[in-house]
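Let's have the full structure, built from the sequences with the hints guiding it.
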Amino acid sequence: MRRYLFILVVILYSALLKAEVLKVRLNSSLSSLHIAIKKSHAGDTIWVEAGSYKEPPLLIEHPLTIIGIDYPVIENTKREEIFTIESDSVNIIGLQLQNVDVNYVNDFAAIKVNKQEGCKFENNHILNSFFGIMLKNSSTCIIRNNYIKRNPTEEEDEMSTGNAIHLWYCRDMLIEKNETRNHRDGIYLEFVDRSIVRENLVVDNIRYGLHFMFSDHDQYIANTFRSNGAGVAVMFSKYIIMKNNHFEYNWGSSSYGLLLKDITDSEIIRNYFNTNTTGIYMEGSNRIKIFENIFNQNGWALKIYGSSNENQFSRNNFLNNSFELSVFGRSTTNKYDGNYWSLYTGYDLDKNGIGDVPYRPVKLFSRIIGKIPSSSILMRSLLIDIINFAEKVSPVLTPDYLMDHQPSKKPFVYD
Amino acid sequence: MFKIFKYSFFDLIRSTWSLVYLLFFLVITSAILYMSGDLTKAIISMMNVILMLIPLVSTVFGAIYLYNSREFAELLLAQPIKRKSFFLGQYLGLSISLTVSFLIGVGLPFIFWGVIGSKYLSNFLVLMGVGLLLGFIFSLLSYWVALRFENRIKGFGFALFIWLFMSVIYDGIFLLILIWFESYPTENLAIILTLFNPIDLGRVLIMLFLDTSALMGYTGAVFYKFFGALNGILISSMTLFLWIIIPVFFLVRYANKKDF
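As you go down the protein sequences, you meet chains A and B in turn. Mapping the first sequence onto the working numbering, position 194 (from 1) lands on 194, and the numbers just tick up by one. Plus 1000 on top of the position in the second sequence (first one is 1) and you've got the working numbering.
These aren't lab readings, by the way, just hints derived from the structure by calculation. We put the CB at the ideal spot given by N, CA and C, even for glycine. Wrong hints could be hidden among the right ones.
[As the list claims (entries may be wrong)] Taking CB as the label site, the calculated pair distances span: (1) T84/A <-> G1114/B: 53 to 59 angstroms; (2) K410/A <-> F1250/B: 38 to 44 angstroms; (3) I1179/B <-> M213/A: 36 to 42 angstroms; (4) V413/A <-> G1228/B: 39 to 45 angstroms; (5) T345/A <-> I1179/B: 25 to 31 angstroms; (6) A1229/B <-> Y4/A: 33 to 39 angstroms; (7) F236/A <-> I1179/B: 34 to 40 angstroms; (8) V357/A <-> Y1067/B: 46 to 52 angstroms; (9) I1116/B <-> S32/A: 56 to 62 angstroms; (10) E1182/B <-> V413/A: 30 to 36 angstroms; (11) K78/A <-> L1125/B: 50 to 56 angstroms; (12) I1169/B <-> Y347/A: 30 to 36 angstroms; (13) A1229/B <-> N309/A: 42 to 48 angstroms; (14) K1003/B <-> T345/A: 52 to 58 angstroms.
Structure (structure tokens):
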């Protein structure tokens, strides 16, 4: 319904501009998209009817709207780049773009945009492509509701696949409700400022689900990152907001739910970390507020490495993680007060919902593993349970400043 | 030998202790399955139970049984029976009756929960295999101890010490060694030390087949490379069998020259 409404709006809009409408159909006078593009003028609309089209490189140099009816299949004859866009305000809607081969010289993409603004790519299926949608030096574009998937091959490696959505030096972008699978990185952003990444589903990518660097003032809301090779990695950025995201099933020895490196002044709120080897890995990250997240059944809920300072962890639920917290280095300025820890066994005499005994989330064994990795072979042995218990009763080796002074007795319920 | 085995097997399987042992496993396995509602978690919980209890119960039970059947042994040894076949038959009766209780007690609830046909079948089989071998190994050790020490208190003490050593003290020494050699790459040393203790070996085998190995990072990868490959599996199952074969050899040699 919304699609038809949108088409209606587009038609009315184009009628208003007295723009022309061209129809591309197989076995008609206009049976090729690239001829239609050549014939069109700025502001025109091209309708592409269902069918399979083999096209030479499609270069768009004026504002244009291309709308597919029932997902016409568009391929490049040489299996190279399909759309190259060198104009503002180009909309590509409802096409199925497929088969862009891997190339080690050029980063061929199904749709590539260079130095433009106001583009919109919506409801496309991009299948088996090297890069999916690639934008450089662009701004105010919308990438919405696309389905981007590669066919998984036998020898999957980082070098022979591209990113599904790749943005470089962009600003004010909106990436929304896309689904990306089996690419190298699901969503890759480098030098992308003031952008919103919202409600995307990013699954089974070979490297990172979301990978961004040097991208400030961005918001990541309600995305799901599941079973990606190394989870989500975010680096060298400031003023980031991450809310209501799901980080799930990123399991493997070098896999992280969320890897933070040199992230500062950011907020990580109400996310759900489920069954990751490491929930949040943090290195060189300062002044981050980590509130109201749920950490469920991770190997490590939190791994905090050196030079991470003044981070606050509060009102989080830590449920059934093998290790709740590992700390490396000697930072004393991180605050862990007021969380719920499912391994907490203290009491609450005054019935105010806050345990009377401070909780120490760092287990002795997780410190030993940190120092001597090969001792991890003793994991789950009886001895380890005994020394953890002994250390809990009278702490000697675990640092005494690492404490939750107000551990909650009950898990927090967020509305 | 087979007659003796049959006799002691049926003697044991009818005893209250086997029944209690069986019921205990039935109850605890069903409880864990019911509480966790998830096969993987249940397998991990059962791993802890099995690694601690099977050695302990086999040790205690083996010693009790041998001390109690001493008169029977003396009576039978007066007959023209080879010592070797008598002791081996009795040992097999003991360990197989324990194992049967274990297999039924743990196996039935898991099968009832549909482990066959699920993708956790291999994990479950590893768990059962490890439990089975541990039962054989520890009943053998306690059997040998009980034969060795005429004094029951000493015998029990020593058998329990073996259990304590294998499940706790050994790991303590292990950890100390790893701490001493902190600045060296100790992965291969850790693998060798693991091979020498059947409880540790069983634990590592189960854990590697579960997803826990990812938690061990680089070390886990090294272990996985060793234990996950055919060679590693061969070597580790061979060491587990050596833990049976070598004590059996000593048992037979000792039984042959012991004065009753």
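Does the Cβ distance between I1116/B and S32/A fall inside 56 to 62 angstroms?
58 angstroms, holds
F236/A paired with I1179/B, Cβ distance criterion 34 to 40 angstroms:
37 angstroms, holds
Beta-carbon spacing of K78/A to L1125/B - inside the hinted bounds 50 to 56 angstroms or not
52 angstroms, holds
Hint says 25 to 31 angstroms; check whether the CB-CB distance for T345/A and I1179/B agrees.
28 angstroms, holds
Go ahead and decide if the range 39 to 45 angstroms is satisfied by the Cβ distance of V413/A to G1228/B.
42 angstroms, holds
Looking only at beta-carbon atoms, does the pair E1182/B, V413/A fall within the given range of 30 to 36 angstroms?
44 angstroms, violated
Between the beta carbons of A1229/B and N309/A, is the distance compatible with 42 to 48 angstroms?
The hint (42 to 48 angstroms, Cβ to Cβ) holds, given that A1229/B and N309/A are roughly 44 angstroms apart.
Do the beta carbons of T84/A and G1114/B sit within 53 to 59 angstroms of each other?
Given a distance of about 55 angstroms, which is inside 53 to 59 angstroms, the answer is holds.
Cβ-Cβ distance between V357/A and Y1067/B: within 46 to 52 angstroms?
47 angstroms, holds
Return holds or violated for the Cβ distance of I1179/B and M213/A against the range 36 to 42 angstroms.
39 angstroms, holds
I1169/B and Y347/A, beta-carbon distance inside 30 to 36 angstroms?
Holds: the Cβ-Cβ distance is about 34 angstroms, inside 30 to 36 angstroms.
Between A1229/B and Y4/A, does the C-beta distance stay in 33 to 39 angstroms?
Since the Cβ atoms of A1229/B and Y4/A sit about 58 angstroms apart, the hinted range of 33 to 39 angstroms is violated.
In this structure, the hints that do not hold are numbers 2, 6, 10, in rising order.
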